[in-house]
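Make the full structure from the sequences, and use the hints.
Protein chains: 2
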Amino acid sequence: MEKRKAVQDAEVAAKTIEKGLLIVNTGPGKGKTTAALGLALRALGRGRRVGIVQFIKGAWDTGEKHALAAFGERVAWHTMGEGFTWETQDKARDIAACREAWAKALELMADPTIGLLILDELNIALRYDYLDLDAVVGALQARRPGLHVVVTGRNAKPALIEAADLVTEMGNVKHHFSAGVKAQEGIEF
Amino acid sequence: MEKRKAVQDAEVAAKTIEKGLLIVNTGPGKGKTTAALGLALRALGRGRRVGIVQFIKGAWDTGEKHALAAFGERVAWHTMGEGFTWETQDKARDIAACREAWAKALELMADPTIGLLILDELNIALRYDYLDLDAVVGALQARRPGLHVVVTGRNAKPALIEAADLVTEMGNVKHHFSAGVKAQEGIEF
Chain F
311 MEKRKAVQDA
321 EVAAKTIEKG
331 LLIVNTGPGK
341 GKTTAALGLA
351 LRALGRGRRV
361 GIVQFIKGAW
371 DTGEKHALAA
381 FGERVAWHTM
391 GEGFTWETQD
401 KARDIAACRE
411 AWAKALELMA
421 DPTIGLLILD
431 ELNIALRYDY
441 LDLDAVVGAL
451 QARRPGLHVV
461 VTGRNAKPAL
471 IEAADLVTEM
481 GNVKHHFSAG
491 VKAQEGIEF
Chain X
311 MEKRKAVQDA
321 EVAAKTIEKG
331 LLIVNTGPGK
341 GKTTAALGLA
351 LRALGRGRRV
361 GIVQFIKGAW
371 DTGEKHALAA
381 FGERVAWHTM
391 GEGFTWETQD
401 KARDIAACRE
411 AWAKALELMA
421 DPTIGLLILD
431 ELNIALRYDY
441 LDLDAVVGAL
451 QARRPGLHVV
461 VTGRNAKPAL
471 IEAADLVTEM
481 GNVKHHFSAG
491 VKAQEGIEF
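Protein chains in written order, with my numbering: chain F, 311 to 499; chain X, 311 to 499.
Keep in mind that the hints were calculated from the coordinates and are not lab data. Hints may be right or wrong, so weigh each one.
[To be verified] BS3-like mimics (lysine-lysine), calculated; alpha carbons at most 30 Å apart, straight line: (1) X:484 / F:467; (2) X:375 / X:401; (3) X:375 / F:329; (4) X:414 / F:484; (5) X:375 / F:375.
What you are looking at is a predicted structure, and each value in this text was computed from that prediction instead of being measured.
Given below as C-alpha cells:
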C-alpha cells in the first residue's frame, strides 16, 4: 500500500494543469445525480456558487431541494416548468422545453459567479435529439476556463464522452427493486 | 418512451416492501463518496439526521465538511483521528483506529435519531482485514428496520455485496489525471 501511494503521490504531483472539468456521470446504475449533488456540496463548502438545470421535469423531488435551500442564493436552480417528462406525449412541447432549459444553461455558463454547473439528465434530451448535439458539445467545450460542468443521465453520446475530462459509468450490480422493495423517500427521491 | 415509463410505473407500484437499505458504492471510478454525500443531502432534506464515519483519515477534505456544517447537529460526524491513512506504516495502530471507528458506527446504528449512516471507505478496512468481515456484515444485516446504511470504497467484499440491497459499481471510463490535469479543490476534495 505504501508503494502504491508513493506512486500515486508522484503521479498527482506531476499534474500541473488546473482547469474547469467537463464531467459526465452515465450508465444504468444509481448515483449519477447523487454524485453530482455531492460535488455541489463540495463546491458550496469551498465557497462557490452552484447552478443546476434539470432537463427532466420531476426527476428530482423535494428532498434535495429542501436541503439545498439551506444555501440560499448560492444555489441557482432551474427546473423545466413544462413539458419533457418521463411520460412525454407532445414532442413539439418537449423540444421547446428542452431549448428553454438549454438557454438557461448557457446563461448560467456565462455567469462568472457560478463555479459548478449541473446539467441533470441532459443526456436524455440529447438521446432523443431534442437538442443539437454539436451545438451542445461545442458550447460545453467553449466554457469559461474555471467552470466545472457535470452532465448526468444514461446513454451519454459518444461525442460528449469524447469532449469530457472525466466520465464515470455507474453500473447496476444489484438493485433492491428486483427484491420487491419500493422506491423510498430520502433514498430514491 | 411512454411505454417504457408505463412498464416502469407498474413495476414500481408492485413494490410494497419499505425498509432501510444497505447500499454499497464500489468500483474504481469516481462518485462513490460523492453519491453518498448526495444521499445525505436528500435525507437531510427529508428531515432525517445523518451519521458519517470515515474509515480513512484524510479521505474527505474541508469542502464537504464546511458545507455539511450548515446542517449543524443534524449531521453526526466521526473522523478517525489517528492511524489508518493511505500511507499506513503501523498496522497495529491502524487496526486499533479501525476498531474505534467501527465502535462509533455501531453507536450511530443504535441511535434512533439517525436515518442514514455513511460508512466511508469501510471497504478499505475490510479489504486489509483490519475488521472482522463476518462481524461487520452481521451487524449491518441486523440494523434497525428503518435505517439506511451506505458503505463506500473500492473492492467491496463478496459477502458484503451478497448482504446488500443496492450495489453500484462506479467504472472509470475516462479520467482527467491521465491528461495531466491535477486534483482540484471543489472537485476531488
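Here is what the structure says about each hint:
Restraint check: the Cα-Cα separation between residue 484 of chain X and residue 467 of chain F comes to about 14 Å, which is no more than 30 Å; the hinted pair holds. Restraint check for residue 375 of chain X and residue 401 of chain X: the C-alpha separation of about 28 Å stays at or below 30 Å, so the hint holds. Between residue 375 of chain X and residue 329 of chain F, the direct Cα distance comes to roughly 23 Å. Compliance with the 30 Å bound is thereby established for this hinted pair. Proximity of residue 414 of chain X to residue 484 of chain F is assessed by CA-CA distance (about 28 Å); at most 30 Å being required, the pair is judged to hold.
Proximity of residue 375 of chain X to residue 375 of chain F is assessed by CA-CA distance (about 19 Å); at most 30 Å being required, the pair is judged to hold.
Of the numbered hints stated above, none is contradicted by the structure.
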